[in-house]
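Novice: Letter by letter, the chains look like this.
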Amino acid sequence: MTSGLWFDFIVGSSIILIPLAILIITIARDLDSEYKGLSRRIAKLNRAYGLIIDDQDDSPINPNATKLDEQDNKLIRDSAKEIGAKNCIKDGKIENIINNDCALAVKKAISIRMAEQMLLAQKIKFFRLYSIAAYLLIIISMGILPVLVYAGFNWKWK
Amino acid sequence: MVPRESFEKIKILKIIFYSLFLIYISYLLYDLFRGDSGRYVWTIFAIALVLIPFASEKYSGMYFPWEIKIIVVLSLLLHTMGEFHRWYYTLTHYDKISHIISSIGIAYLIFLFLIFIELYYGLKWKSNQAAFFIILITISFALYWEWWELFSDHYYGSKFFWDLQDGIGDTIANSAGAVVAAWDVNHYLKRRSEEDIAKDFIIQDENRRYKIRWGILPIENDKVTKEEKKRISHRGAKGGPTASLED
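Note that the protein sequences, when read in sequence, are chains A and B.
The first sequence begins at 5 in this note's numbering and counts up one residue at a time.
The second sequence begins at 9 in this note's numbering and counts up one residue at a time.
Worth flagging that the hints you see were computed from the coordinates, not collected in a lab.
For glycine and all other residues, C-beta sits at the position ideal for the given N, C-alpha and C.
Don't take each hint at face value.
Unchecked claim - List time: in silico SDA-like cross-link candidates among lysine to any residue, alpha-carbon distance up to 25 angstroms:
| no. | chain 1 | residue 1 | chain 2 | residue 2 |
| --- | --- | --- | --- | --- |
| 1 | A | 40 | A | 136 |
| 2 | A | 78 | B | 66 |
| 3 | A | 127 | B | 101 |
Said to hold, decoys possible - One side of the interface only, derived from the structure: several residues of chain A facing chain B at Cβ under 8 angstroms:
| no. | residue |
| --- | --- |
| 4 | 13 |
| 5 | 25 |
| 6 | 27 |
| 7 | 36 |
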């Protein structure tokens with residue numbers, strides 16, 4: 005506590021500012037990976053959709069070619085149920101797709117994933133704004149604190 | 009933590025909260041009656057802090073558990089009582105108890121912030137990751153507090169930081185509170201699934217709508233559904249699939 009008020013203040017403030025920065029960066033990275041994960045899901049669903057609509061001879065589609073995970077399969081199952089598409093999924097995987105109803109279920113799943121991605125992109129944009137604003141606000145309030153004390157705001161000492 | 013469905017337990021927690029709140033109000037009224045402006049301004053400020061969870065609950069649509077509301081009011085009340093009755097200066101370990109309760113309160117508020125982030129953005133954090141951040145932020149906040157006392161005493165002549173032994177003791181008490189809260193949070197997150205956590209914290213209004221668009225909840229794409237349904241019904245006349253849907 006001998007290097008000057010503001011130097012001491014900045015060094016001391018880093019005790020809280022650095023962990024907060026670590027938390028914000030971790031959240032931002034997780035959001036980014038969530039966004040990329042959705043992009044991968046959409047790409048796979050598009051591939052599945054392409055396989056269905058290119059299947060002209062009604063032959064069964066190789067389920068391994070779609071490589072959809074359980075969450076996407078569930079989404080397609082739910083969409084298929086909702087729009088009344090049958091013969092779409094067998095044993096929890098897209099299989100023996102020989103009708104356009106199933107393509108509609110997959111298309112609906114794609115549109116839902118795209119809506120999720122769009123919403124997440126919007127949230128990420130606001131997260132950046134809010135986190136920067138909150139961080140600056142914390143720094144400013146930390147800077148105001150010594151000024152308030154100096155001005156005799158805490159009149160208990162006076 | 010007590011689940012929201014447990015009305016009987018919630019009832020007891022509500023009684024505890026409002027009792028503590030009434031005690032707080034009585035301190036405020038006493039200060040007002042005496043005209044001790046230095047004290048009642050801070051008491052009003054503290055009461056405003058106690059009411060923040062209610063405002064947040066109303067505007068965010070996220071449930072603040074009553075245990076957390078109790079810890080918030082208790083930690084502030086302990087501080088007020090410690091100053092009012094001079095217990096900080098007369099009772100040996102009163103300060104440490106106050107530090108433990110306050111750090112538990114801060115740790116739970118950080119937990120709520122993390123839960124909000126997870127539910128709002130649809131992130132899937134492991135329980136130990138949440139516990140780690142609760143400990144990290146709470147302890148760093150506690151260290152910052154102790155540093156601030158030292159800083160203020162040095163530059164402004166206040167008398168917050170008694171001695172190094174007291175400072176280390178306070179930091180240990182704060183760390184103990186952070187660890188207790190992190191342990192409880194870790195335990196809670198391990199036994200509850202994502203759906204359970206969403207049910208525990210997300211509130212619907214009277215029209216069963218949500219205040220904000222939670223990332224954890226599925227999106228309904230009504231526009232596509234209506235269009236597609238029309239096309240399905242049109243094509244259905246040509247003869248649909250024969251096999252049944254197997255889940």
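Novice: Within 25 angstroms, alpha carbon to alpha carbon, are residue 78 of chain A and residue 66 of chain B?
Specialist: Violated - the C-alpha atoms of residue 66 of chain B and residue 78 of chain A are around 34 angstroms apart, more than 25 angstroms.
Novice: May I ask you to test the interface hint for residue 25 of chain A with respect to chain B, counting a Cβ-Cβ separation under 8 angstroms as satisfied?
Specialist: With a minimum Cβ separation of about 11 angstroms from chain B (threshold 8 angstroms), the hint on residue 25 of chain A is violated.
Novice: Does residue 27 of chain A hold up as a contact with chain B if the rule is Cβ-Cβ below 8 angstroms?
Specialist: Cβ of residue 27 of chain A sits 6 angstroms from chain B, so the hint holds.
Novice: Would the stated hint for residue 13 of chain A survive a check requiring a Cβ distance to chain B of less than 8 angstroms?
Specialist: Status holds, d = 7 angstroms.
Novice: Would you check the hint for residue 127 of chain A and residue 101 of chain B, treating anything up to 25 angstroms between C-alpha atoms as holding?
Specialist: Violated, because 46 angstroms separates the two Cα atoms, which is more than 25 angstroms.
Novice: Are residue 40 of chain A and residue 136 of chain A close enough, with their CA atoms no more than 25 angstroms apart?
Specialist: 22 angstroms, holds
Novice: Just to be careful: measuring from the Cβ of residue 36 of chain A to every Cβ in chain B, is the smallest value less than 8 angstroms?
Specialist: Residue 36 of chain A check fails; min Cβ-Cβ to chain B is 11 angstroms, beyond 8 angstroms.
Checked against the numbered hints given earlier, the structure breaks hints 2, 3, 5, 7 and satisfies all the rest.
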